[in-house]
Each structure stands twice: as structure tokens, then as C-alpha cells.
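Colleague: Listed below, chain by chain, are the residues.
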Amino acid sequence: DAGITQSPRHKVTETGTPVTLRCHQTENHRYMYWYRQDPGHGLRLIHYSYGVKDTDKGEVSDGYSVSRSKTEDFLLTLESATSSQTSVYFCANTEIAGGPHNEQFFGPGTRLTVL
Amino acid sequence: GDSVTQMEGPVTLSEEAFLTINCTYTATGYPSLFWYVQYPGEGLQLLLKATKADDKGSNKGFEATYRKETTSFHLEKGSVQVSDSAVYFCALILAGGYQKVTFGTGTKLQVIP
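Just so you know, the protein sequences line up as chains A and W, in that order.
Going by the numbering used here, the first residue of the first sequence is number 14, and it counts up by one from there.
Going by the numbering used here, the first residue of the second sequence is number 58, and it counts up by one from there.
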């Protein structure tokens with residue numbers, strides 16, 4: 014358990030509005046990730062971070078931005094929400110120090126509905 | 058690119074039945090392989106892993122063997138319980154990246170009493 018909390022856990026919003034999801038970790042792991050989970054697609058990587066202020070795009074990054082100003086917080090922003098961004102969003106972290114292929118620890122998820 | 062293919066679900070089994078969930082992968086390098094489990098309403102958690110060919114990962118009665126020759130990592134359990142009902146994801150990580158995981162689409166398992 015890497016002590017990940019996500020907020021909010023549920024959100025309903027309207028098309029065109031900005032939305033920010035927060036991921037907070039208590040373990041200070043270096044690497045953090047945002048995924049979205051959709052039926053038939055499994056989990057797909059949106060963005061990831063390999064340190065404070067160090068972020069990069071994943072496979073489905075269009076329409077999303079991230080920020081990491083502190084080790085413990087990783088924010089995901091939908092600049093202008095669309096219905097195609099209705100999904101369940103998971104944050105994850107990992108720490109490489111113990112070896113090259115450590116497991117990722119996941120938060121409980123945020124269910125976002127865009128009307 | 059790298060990919061993971063899992064059998065389509067849902068899989069419905071009676072309690073104490075034998076479980077197999079097939080997983081095959083395509084990777085440009087030499088990956089580590091994982092099975093994650095997601096219980097209803099929760100995030101994913103690691104079930105087991107294997108980091109080199111012929112390694113067997115095991116946990117909670119589940120097993121999977123890393124087969125490089127068939128690029129497979131099938132999940133098995135000899136006797137499932139109702140509490141095993143969940144979605145199971147096969148995944149891989151390649152060395153050298155920022156620990157980015159490639160997931161399969163998930164297989165939902167339902168165990169009935």
C-alpha cells in the first residue's frame with residue numbers, strides 16, 4: 014500500500030467546463046501516473062511524472078494536462094471536458110529504488126461523468 | 058508496439074472449479090509480467106509477477122508461469138471461491154522506461170456458489 018488518495022471520488026460535470034482531479038500520496042514515491050479505465054480498453058496511460066515538475070505524455074494525453082509541484086501531489090486537468098472523457102480515472106505510483114520492475118500501487122479511482 | 062491480449066470475458070465458474078485466464082504478449086524487449094486484480098469499486102492491486110523466463114509467480118492460490126517461447130503468462134487457480142470474483146488484468150513492463158505499464162483489457166470473473 015503506497016497510501017494513495019484521490020479526490021473527488023465522484024464528479025458529474027457539464028461539457029466545456031474545466032475539471033481537476035487530485036492524487037495525493039503519503040509515501041513520496043518518485044513516479045506517479047494517471048490512467049483512465051474504459052470498457053474494452055483496460056487501463057490506458059494519460060500522463061506520468063518522474064519527479065517534481067517532470068512530466069510526460071502517455072498514449073491518450075489529448076485534452077488533458079498535469080502538474081506536479083510537490084512530490085506528494087499529482088493533478089490531472091481536463092481543460093474543457095467532453096463526453097468522451099467520461100471514465101474512471103486511476104492514479105498510481107511506484108518507486109524504482111527496490112529494483113527495475115516494481116509493482117505499481119493504485120488509488121481507489123475517480124468516476125467522472127461529463128454530460 | 059507492445060501489447061497484451063487477454064481472453065474475453067466474462068468468465069462464470071462454479072465454486073471450486075478450475076480457473077484459467079489466458080494472456081499473451083508482444084514486446085520489443087524482455088518484459089516483466091504481472092497479474093493485477095480489481096475488486097468491485099476498488100483500484101487495482103498486484104496479484105503476482107514474474108521477471109524472467111520460466112519464473113512462476115504465485116499468490117493466494119493463483120499461479121502464472123512466464124513462457125518466453127509462447128509469449129504467454131496464463132493465470133490459473135485450482136479451486137476458485139466466490140471471493141475471487143473480480144476483474145483480472147495481465148500487464149507488462151519493459152526495462153529502461155519510466156515504469157510505464159501496458160495492460161490487457163481485463164477479464165471479469167464471476168464465481169457462483
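Any given hint could turn out to be false.
[To be verified] No farther apart than 20 Å at their CA atoms in a straight line, the calculated lysine to aspartate or glutamate pairs in the EDC-like style are these: (1) A:70 - W:59; (2) W:165 - A:51; (3) W:157 - A:92; (4) W:157 - A:27; (5) W:157 - A:75; (6) W:134 - W:120.
[Unchecked claim] The following residues of chain A were derived to be distant from chain W, with all beta-carbon distances above 10 Å: (7) 54; (8) 97; (9) 99; (10) 117.
Simulated from the structure, these hints should not be mistaken for laboratory data.
Idealized CB from N, CA, C, for every residue including glycine.
Colleague: Taking only the CA atoms, is the gap from residue 70 (chain A) to residue 59 (chain W) under or equal to 20 Å?
Modeller: holds (17 Å)
Colleague: Check whether the Cα positions of residue 134 (chain W) and residue 120 (chain W) lie no farther apart than 20 Å.
Modeller: Status holds; Cα separation ~6 Å.
Colleague: When you check the alpha-carbon spacing of residue 157 (chain W) and residue 27 (chain A), does it fall within 20 Å?
Modeller: Distance of about 31 Å is beyond 20 Å: violated.
Colleague: For the pair supplied as a hint, residue 165 (chain W) and residue 51 (chain A), confirm whether the alpha-carbon distance does not exceed 20 Å.
Modeller: holds (13 Å)
Colleague: A cut-off of 10 Å on Cβ-Cβ distance, and residue 99 (chain A) was said to be off the interface with chain W. Does that hold?
Modeller: holds (18 Å)
Colleague: So residue 54 (chain A) supposedly isn't at the interface. Is its beta-carbon more than 10 Å from every beta-carbon in chain W?
Modeller: Incorrect as stated: the minimum Cβ-Cβ distance to chain W is 6 Å, not above 10 Å.
Colleague: Please confirm whether residue 117 (chain A) is truly not at the interface, meaning its C-beta sits more than 10 Å away from all C-beta atoms of chain W.
Modeller: violated (6 Å)
Colleague: Over 10 Å to the closest beta carbon of chain W is the bar; see if residue 97 (chain A) clears it.
Modeller: Check passes; 18 Å lies beyond 10 Å.
Colleague: Just to be careful, I want the Cα atoms of residue 157 (chain W) and residue 92 (chain A) compared with a cutoff of 20 Å; is the pair within it?
Modeller: Distance of about 24 Å is beyond 20 Å: violated.
Colleague: Check whether the Cα positions of residue 157 (chain W) and residue 75 (chain A) lie no farther apart than 20 Å.
Modeller: It holds: about 18 Å lies between the C-alpha atoms, which stays within 20 Å.
Figure legend: structure checked against the earlier numbered hints; hints not met, in rising order: 3, 4, 7 and 10.
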